[in-house]
Structures are given as C-alpha cells and as structure tokens.
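Trainee: These protein sequence lines are chains A and L, in that order. For what it's worth, my numbering labels the leading residue of the first sequence as 1, then goes sequentially. For what it's worth, my numbering labels the leading residue of the second sequence as 1, then goes sequentially.
Worth double-checking, as some hints may not be accurate.
As the list claims (entries may be wrong) - From chain A, some residues computed to sit far from chain L (all C-beta separations above 10 angstroms): (1) R9; (2) R64; (3) H66; (4) E84; (5) R90; (6) N113; (7) G122; (8) P145; (9) W153; (10) P184; (11) I211; (12) G217; (13) S225; (14) T230.
Claimed, not checked - Reference excerpt, derived from the structure (chain L facing chain A, CB under 10 angstroms, subset only): (15) V28; (16) D47; (17) F98; (18) Q179.
None of these hints come from the bench; they were simulated from the model. These figures come from a predicted structure and were not determined experimentally. The beta-carbon is built from N, C-alpha and C at its ideal position, and this holds for glycine as well.
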Amino acid sequence: MAKIAGYRRPYVGTQPNHLHPSYVSSLKRAPAKPLIYLPHTLSEVTGPLFGKESVDVKASDLTRQHSGPPLGERIVVSGRVIDEDGRPVRDTLVEIWQANAAGRYLHKRDQHNAPLDPNFTGSGHTLTDSDGRYRFVTIRPGEYPWGNHHNAWRPAHIHFSLFGPAFATRLITQMFFPGDPLIPFDPIFNCTADEKARNRLISLFDWETTIPSQALGYRFDIVLSGREATPMEK
Amino acid sequence: MSLWASTSQTIGPFFSIGLNRLKQDNLVGEGVSGERVTIAGHMLDGDGKPVPDGLVETWQANAHGKYAHPEDDQDKSLEAGFKGYGRVMTDDQGKFQFTTIKPGQAPAPDGKTQAPHIAVSVFARGLERRLVTRIYFPDEPSNSSDFALNLVESGRRETLIAKKIADKSGALEWNIILQGPGETVFFDCGL
C-alpha cells in the first residue's frame, strides 16, 4: 500500500477558477489564499459507492412522479459517463435537479414570480449501466431571471451530480441546451477560460434518441478524471 | 486517448431538490464500533456572514482505518453497517452537523500512517468548483507527524482540527471559513 496511483489533475483552463468577479456570488465565497496541493492517498482514491439498493428505478422519469403529466416540452436526456481514457464509468450514481418549464424551482428560496407546477418536482437520479450509459425523461426547463446584474437571465440548464469511483472524481456540473441565446452572456458558464471545455457543457440535439411523436432527444456525455498511469513515489 | 474531465459548475442555491434524498447526518449504522462524535459548525463567507445554501459531504474510514471501498485491501475488519459517507446541508444560520465515529489511521503514501481524518467536499452557490478540506481530531498525538497537516504552514493547521466543546462529551466544533481571517485551509485535490 505504499504507492498509490492517483487521479489526473485538470488541464490548464479547463476548470473554472474559484474567484470569477463577473459571477458576483464568488466574490465573498472564493478562498483568498492559494490551495495546497494534496497528493492522493487511500482517502482520495476511495469514495462512496451507491448501488442498486440506493436507487428508485422510477426516478429516471421526471414526468411520472405525480398524478398528471407536467407542463412543458417532454425531452429525453441521455449520454455516457466515461473517464479521461474513454473507459465507461459503470454503476455510478447520477443525480439531477432542474427548474420547471416556467423557469421556477420547487424551493422556498426561489422567489421568481413564475408558477409552480403541481406535477413537477424537478428531481431525478439513476445509475449508469455497464457501458456507462444513463437516460432521463424530463421536461425542458425554462430560463429564469437572477440577481447577479441588471436584467440577468440564466440559460436553460439541468444540474448534474456524479460521484465516480473515488473521492477525487466527484463532479457537479450543469448541462445547457444547443442554440440557447443566453449562453454567451451567462457568467456561470463563462467562468471556464477554455472555450472548448466550456462548450462541452452544451448538450447536442440527437435524432437517435428522439422518440417519434413523444420527445426530443438531447445527448450529454460526461467525462470524469482519469487515473494516473503509474503509482507516484512520494 | 486522453480526454478532458468535464468542467465543474456551481451547485447553485436550489440543490436540495435533487440532493436531499441522500442526506446522511448519522454515519453510525448498526454494529459500528468506535468513539462516537458529533461534529457541528458554521459555514461563513468573507464577511463572516452565514452561508445558508452550502453542502458538506464527508468521506472517512472506520475506527480501524479501513474504507468501505474495493480499493482498500488492508486486512482490517469492516462492519456491514459502515459506509463512511456523509452529506449535510447548511441551515439559514449556516449551521451544519453530523454524527459519526472517529476514524482510525489509514495508510499514507510514505508508507507511514495518516492521522485520523475525514475528507470533506464543500459546495455552495458562488463556488464554481468544490473546495476540498479535511477534519482532524483534537488531542491526537499522530497529528504532529501527519503528512497532509505538515503540508500546511503551522499557523493555519488549526483550521483543520476540530475543537472540543468543554462540557459535552463527544461534541466537536469545526467551522468552514470560506475567505478572510481564519480562512479554512483548502487543498488542491484535482477537481
């Protein structure tokens, strides 16, 4: 156990800095002192694992959680979870949450004057399969105003939370929709310097997963940190 | 082939909709041995104001220093009731609290052992990436030789060590100061 193969560190510019002044909430919450480099130990290359026992199979369809169908445009969101070597991340938990079609979250702190939908909670989860695939049925969330600056609006997005195999692979991100005119103006989206990395947060419209007469398909693949090839001697 | 890991984005203020289901504020399942502790604290911003929309996730070994994970191949016992995972949200006052057992010593990369610690991920509105930190334990002789604590300048180490609450057995205080005086030490763990 002396040597541990850690997980890879991000490429420069592909992850946001903690402080990003145009995202006003970061001003008082981003650390002022530099982070201290932590070599990965057994504590970081292990992490919580959630199996079938912690999953409700019905939770991947957000349109069937209430007595009636939610308002809005039904969509299928699917993709693969892979690591930086392109290998599938199997049996890993994917949790999502989102606003309803009117751009309102079912949350006491959301004060937007758009209506709640009694048939939509906006919460889902699933496990990836043996090929790293996941699939949700939901409705397209609405755009909504927020208080970051004058006339600020968030592009439509779905929040994603993933664990992967280790503490070091934990990721929370957001999925956006192609062609959304608000994306270039969104300070949260723009926090990442590298344009290519940023644009990978925009899902692709996908005929292959579109269900005729039922739902448009959007594809969103997620890449988690890969493993160092060889154990590091420290 | 080497892809780039997906870009992190903030958890935002409304994450409880999706994440409350796996809230875990008591890690002491049935049959779990060890010294029971309750760790409570506040998450504060750079103005000392409470962060009411923060998420704290924890990961730890059991009292023998063994993780409930297939990569831990140490020959140590693991109770079925021990998972080692915690997830708590801050309240309107920025307070969070969870009950667990003091972990044992897990191996260190230098072939020695690490002092008992809990790995912590901090998420909040305003944080585009998680912050990674650790909770260590008071009056623990192995702290002085812990490799991660020794990466930290001595004046800041105390931000990682929980404090005993005088008249309450097993009660510990540990705060998360995101910025400014007394800022908690945060580690670069990758993502």
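Trainee: Each of the hints needs a verdict: does it hold here or not?
Mentor: Hint-by-hint comparison with the structure:
no. : hint : result
1   : R9   : violated (5 angstroms)
2   : R64  : holds (17 angstroms)
3   : H66  : holds (14 angstroms)
4   : E84  : violated (5 angstroms)
5   : R90  : holds (13 angstroms)
6   : N113 : holds (16 angstroms)
7   : G122 : violated (5 angstroms)
8   : P145 : holds (14 angstroms)
9   : W153 : holds (14 angstroms)
10  : P184 : holds (16 angstroms)
11  : I211 : holds (24 angstroms)
12  : G217 : holds (20 angstroms)
13  : S225 : violated (5 angstroms)
14  : T230 : holds (13 angstroms)
15  : V28  : violated (16 angstroms)
16  : D47  : holds (6 angstroms)
17  : F98  : violated (14 angstroms)
18  : Q179 : holds (5 angstroms)
The earlier numbered hints that this structure contradicts are 1, 4, 7, 13, 15 and 17.
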